[in-house]
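Participant: The whole structure should be built from the sequences, with the hints applied where relevant.
There are 4 protein chains.
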Amino acid sequence: MAKPSLLGVCVIGTGRAGMIHARNFSSGRVPEAALVAIVEPAEPAREAARRELRLEQVYTDYRQALADPAVDAVVVAAPSERHCSIVVAAARAGKHILCEKPMAMNARQCDEMLAAVDQAGVKLQIGFMRRFDAGFAAARQRIDAGEIGRVVLVKSLTFGPSIPKPWMYDIRQSNGPLSEVNSHDIDTLRWFSGSEFEEVYAIAGNYRSPDARNSHPDFYDNVVLSARMKNGMQGSICGAQGVRYGYDARCEILGENGLITVGSLAAAAVTTHSAAGSTTPIVRSWTDLFQDAYRAEDEDFARCIREDRRPRAGGIDGKAAVEVVNAGNLSIRERRPVRLDEEGATAA
Amino acid sequence: MAKPSLLGVCVIGTGRAGMIHARNFSSGRVPEAALVAIVEPAEPAREAARRELRLEQVYTDYRQALADPAVDAVVVAAPSERHCSIVVAAARAGKHILCEKPMAMNARQCDEMLAAVDQAGVKLQIGFMRRFDAGFAAARQRIDAGEIGRVVLVKSLTFGPSIPKPWMYDIRQSNGPLSEVNSHDIDTLRWFSGSEFEEVYAIAGNYRSPDARNSHPDFYDNVVLSARMKNGMQGSICGAQGVRYGYDARCEILGENGLITVGSLAAAAVTTHSAAGSTTPIVRSWTDLFQDAYRAEDEDFARCIREDRRPRAGGIDGKAAVEVVNAGNLSIRERRPVRLDEEGATAA
Amino acid sequence: MAKPSLLGVCVIGTGRAGMIHARNFSSGRVPEAALVAIVEPAEPAREAARRELRLEQVYTDYRQALADPAVDAVVVAAPSERHCSIVVAAARAGKHILCEKPMAMNARQCDEMLAAVDQAGVKLQIGFMRRFDAGFAAARQRIDAGEIGRVVLVKSLTFGPSIPKPWMYDIRQSNGPLSEVNSHDIDTLRWFSGSEFEEVYAIAGNYRSPDARNSHPDFYDNVVLSARMKNGMQGSICGAQGVRYGYDARCEILGENGLITVGSLAAAAVTTHSAAGSTTPIVRSWTDLFQDAYRAEDEDFARCIREDRRPRAGGIDGKAAVEVVNAGNLSIRERRPVRLDEEGATAA
Amino acid sequence: MAKPSLLGVCVIGTGRAGMIHARNFSSGRVPEAALVAIVEPAEPAREAARRELRLEQVYTDYRQALADPAVDAVVVAAPSERHCSIVVAAARAGKHILCEKPMAMNARQCDEMLAAVDQAGVKLQIGFMRRFDAGFAAARQRIDAGEIGRVVLVKSLTFGPSIPKPWMYDIRQSNGPLSEVNSHDIDTLRWFSGSEFEEVYAIAGNYRSPDARNSHPDFYDNVVLSARMKNGMQGSICGAQGVRYGYDARCEILGENGLITVGSLAAAAVTTHSAAGSTTPIVRSWTDLFQDAYRAEDEDFARCIREDRRPRAGGIDGKAAVEVVNAGNLSIRERRPVRLDEEGATAA
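Chains as they are written, first to last, in this note's numbering: chain W, 1 to 348; chain F, 349 to 696; chain E, 697 to 1044; chain A, 1045 to 1392.
Since the hints were derived computationally from the structure, they do not count as laboratory data. Keep in mind that a hint or two might mislead.
[Stated by the list, open to error] Pair by pair, the computed Cβ-Cβ distance ranges are:
hint, chain 1, residue 1, chain 2, residue 2, range
1, E, Thr983, A, Pro1210, 38 to 44 Å
2, W, Arg51, A, Glu1091, 38 to 44 Å
3, A, Asp1352, W, Arg51, 18 to 24 Å
4, F, Pro392, W, Arg333, 55 to 61 Å
5, W, Arg108, F, Arg430, 55 to 61 Å
6, F, Arg430, E, Gly845, 51 to 57 Å
7, W, Arg339, F, Gly497, 35 to 41 Å
8, F, Asp636, E, Gly845, 25 to 31 Å
9, E, Arg940, F, Gly497, 27 to 33 Å
10, F, Arg430, E, Arg980, 42 to 48 Å
11, F, Lys578, W, Asp170, 52 to 58 Å
12, F, Asp636, E, Ala763, 39 to 45 Å
13, A, Asp1352, W, Arg16, 52 to 58 Å
14, E, Gly845, A, Pro1210, 47 to 53 Å
[Said to hold, decoys possible] Derived contacts from chain A toward chain W, CB cut-off under 8 Å, selection only:
hint, residue
15, Ser1049
16, Leu1050
17, Gly1052
18, Leu1158
19, Ala1183
20, Arg1186
21, Gly1190
22, Ser1239
23, Leu1303
24, Thr1316
25, His1317
26, Ser1318
These numbers were taken from a predicted model, which means no experiment stands behind them. All C-beta atoms in this analysis are idealised placements derived from N, C-alpha and C, irrespective of residue type, glycine included.
Facilitator: This is the structure:
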């Protein structure tokens, strides 16, 4: 019995998310797919990845990968501002695409990507891996099963330990933490409410990033966003960067008949009880918390291609999140609620 | 050794909160204070209270109680709209006052009350009993001890099972759930942030009260409020009435170095593990959850009078919460952020 | 409407348990009962209690209290070895009795007490206050409701911070931790299994009490006891004294269809999440953990007398626990399983 | 850069444990190792495994695998009674061995296996995968770090949903649940106490297996074992089969200065709060709970071979557990404590 031909995957960008995908596709952790190459312009990172992954093929430019016939699909884990051009080129080269969040910097870019993907007939999946997390997925099932009745309010928070990098300081360029961190929460609200955003209001401030304070007074590392959804439901999102206690991603869904809570800070089921109290270790990083979710996401990506079906989170979902990011940043700047259908609301 | 003369307490209003106070002061549960009378205009409630509390003295009108020399102090648990006139009269009669939240309907009323109390030299304590709850108080101590560094964001929620009563439907008259339910959360934000509110933005909707829908389209039973505090911190409050799973009052305080979480849904430390999962009973009512806090509050009220010191939550705190309620309701009506120092922001 | 005559209560012994009862009956915390006197031979303790409780009547000898017509009932919180003589005398004096655990030192003493109580027609309640704890009582209700089917195994542990006192070092005299600490667990096993003990096996050691090591090699501060119940169920008890993390009383009931877990270490619903992990305060003492249970126990004692009904835990329950203590200590000494119906098994 | 030659692994037995190992070694989930064959005498199981694992080589007899030069190492997941003969043969064939627990049926078999392995100079690892579980491993680190001082008592329980199979009914043949289920708890006690067992006492009964009752009155599906460890520490183990709420593996370590609790029933970090209470899903199977532990175990096995070092759990550990199983079963039969160094105590 011969092995079926494996899906050849190339990961573009070897940052933390890129390496998670690369490790998943390497060594067969994802059935019927295999890592065949990576793209990384920076030499030391490229060599480290080549060694760790025992890869024969590494590229410095994504265009080389797109020309490689062994590459059937790409994972786009390059800086967010380059997502648009890479995805468009990948689609034109006939490659299936798993694009990390945020999908792009603004709605216009998303439209361009959607058109290219549509025209090429390739799959585009957006890296909202929480949709593949056991707890979040169980919450969705419980909502669907009617356990809490009609959803009224979805609250989602992401507090992470990453120190904002200087490239993020200029919010106009980077789209800031709403984009880099809270894209996940935005997608969760859409996913659990089954609705698009209608209007958002956000407040933000810089509490832990003194380096950015003088040069970039607009920079924020803490944000509170409230939302009216189109179907009348309510939403609330909190985001924080540089927190010093661990990685914290929790969600609460209030329905007419009950409440669902998702997420836990506990890194392991071990607690020490001493004179200082009961102490449980906290999850240190999203790479630990969502390790299984990333694997399930990568598996589903391969399966979507094989079975020719629609990804659980596609370009439409990516675009919707980008629009909320842009509207949220506008709300922060202008200190007023912003409707998603306002002129210019969803431009960066 | 002769007993010292006890503080004579009269409880005005025998609704749920009134009866909690009445039971505490009855039968010596509060040292050095004793319930000497109640005021209740409705005959059946008055008789039921008289029987349960074994009281000899019951009044139908609070003015009778104010004329009673055995009454040293009153607990004002009458409908919120009557707080102002009762408190002013009680102060003029030289009685110390524990006034339930909300203190009053608007800032002007609060000012009137503060002036009367000030002139009479009596104590005025506002019923923010969460300040006396073991968990909330421990959180405050931990913040003071620097366990999480400078506070960045305070999130507080109160979701309760009470079905909104028709008198609450007209928000302009009743001040709505923000007043009746979330006064506690507003006080918690001030208490934990050590700051006044600067600006609020709130969204609200009616999800579980179909009876009110046609007659009172402005009525809401679910609200999300975000706040900028004067010292730059952030706040987030959620409120819900008529939830069907229990009484839920939780708070999270994000600091520069850590997070404090307060509150629990568990009604008792007992869990059944069966094929249906692990199931723990949920607190059914604030009367259960905060039973010890009410007793501690009543004890502290008596102690403040005896030791002639300032109550932990006084008229200033009551007024500040009323102002935020009014600004929040204005924000809901006008769909825009409202600064507390705007003209008219804190009028009802 | 005149107050009904109150039940006059005298507390004999003003140690920690005695003062809990004294405070409950003082100042009306227990409806329709009132503390009228205490008995305490030691002068400083007696005076401290008199002052705190604002008592006019204090006695140095329990016989004085038994002669006082104002005393309708006594709470026996004297040292365990004196329980028998005091209870017998109290019964003969026609006083109702709430006797702290352990009921006595051996089965013979218990029989003497039971006979005296029976003859006098007074109530005898044993201080198994866990039967009045919300969590433990809910567990019993859930068992009765069939939530876990027929009970198979009951596990109960009590780990406490109290350092064993020298009077406890001679196990033959004091009956040791099995008596002073684990009487509660023994009662819990009987209560949850609905069965008497058939056979016990216990191992014990001294791990934290170096002072006792040389003079009393038999002394133990840690014990593991397993039991066959008469109805075929299994039991397991662990006890520890001098633990340094708090007071820990938990129970698990394994049934044919599920498991019930009872108890929690959390002293308050507050957790700090920091780089050191998530930390929750631990209950420091049984006086905190079971404060509400003691009050409910005292209320039920007064109600049993008023309504002339059988106490929830009576002399039969007290004697059964004493027998298991004695059999357990014999098992420790002889390193073998001991049947409760063996000759001499339940003599001290 | 050429790939290093991979370790060729053959899994013997395709039951649940066997398939976990097979899936881990298949498709590269374990770096530098690869599944090259399986052994399964039963045709349907063999074909199912072949298909799922896309294997070219499957064997019906383990001797064929031992003759295959592509096989460098075997995982022995055959019925326990066959472990001895397979391991001895594998050692003689120069194959490294990961042998599932229990290692064998008695100490004599273990000695034979140890001698064969020793002579052949191959690795023998025993499948105590809890040593690789994040929570259990963290507990061990915390003990080593002195967080709770010297260990006093280790309690460990395993309650599982598996219905005992008829082959297990004859305890003399099968060694029963102590062997099949509690081998893990026995190893945990040795691991956390750092000591061998000195004496055990066990009680057991059949509560959920009516089919076995008449034919095999000695069969038990519930067991409570207490132990004296050689270094003076205490141990307590509970085991249950056929429980209907899920898979439950928890441990508590009481030290001089604190307590460590390990394990959790929660299958996912999701809870529904409704009128029925707060409900969290329970882990259904050890295959879910210990999935990561099995992978870590398999990785460590490959690494031990590559780096020529001693496995974390070796034959000595396997033998020690078998001896405790035998002593425990003898204690159940003879209703008395059994010393491990008694004549005949550790024969089956």
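Participant: Kindly confirm whether 35 to 41 Å is satisfied by the beta carbon distance between Arg339(W) and Gly497(F).
Facilitator: For Arg339(W) and Gly497(F) the Cβ distance comes to about 37 Å; the hint holds.
Participant: Measuring from beta carbon to beta carbon, are Arg430(F) and Arg980(E) in 42 to 48 Å?
Facilitator: holds, 44 Å
Participant: In this structure, is the beta-carbon distance linking Arg940(E) and Gly497(F) contained in 27 to 33 Å?
Facilitator: holds, 29 Å
Participant: Using the Cβ atoms, figure out if Thr983(E) sits within 38 to 44 Å of Pro1210(A).
Facilitator: violated, 53 Å
Participant: With 18 to 24 Å as the target window, see if Asp1352(A) and Arg51(W) comply at their CB atoms.
Facilitator: Since the Cβ atoms of Asp1352(A) and Arg51(W) sit about 23 Å apart, the hinted range of 18 to 24 Å holds.
Participant: Would you say the C-beta atoms of Asp636(F) and Gly845(E) sit inside 25 to 31 Å of each other?
Facilitator: holds, 30 Å
Participant: If you take the shortest Cβ to Cβ gap from Ser1318(A) to chain W, is it below 8 Å?
Facilitator: Status holds, d = 4 Å.
Participant: Assuming the hint says 52 to 58 Å, is it satisfied by the Cβ distance from Asp1352(A) to Arg16(W) or not?
Facilitator: violated, 33 Å
Participant: Closer than 8 Å between Cβ atoms is the bar; does Gly1052(A) clear it against chain W? Give me holds or violated.
Facilitator: violated, 15 Å
Participant: Lys578(F) and Asp170(W), beta-carbon distance inside 52 to 58 Å?
Facilitator: Hint violated: Cβ distance 28 Å, outside 52 to 58 Å.
Participant: Just to be careful: measuring from the Cβ of Ser1049(A) to every Cβ in chain W, is the smallest value less than 8 Å?
Facilitator: violated, 13 Å
Participant: For the range 39 to 45 Å, tell me whether the beta carbons of Asp636(F) and Ala763(E) fit it or not.
Facilitator: Since Asp636(F) and Ala763(E) have Cβ atoms about 43 Å apart, the given range 39 to 45 Å holds.
Hint check: violations occur at hints 1, 11, 13, 14, 15, 16, 17, 18, 21, 22; the rest are consistent with the structure.
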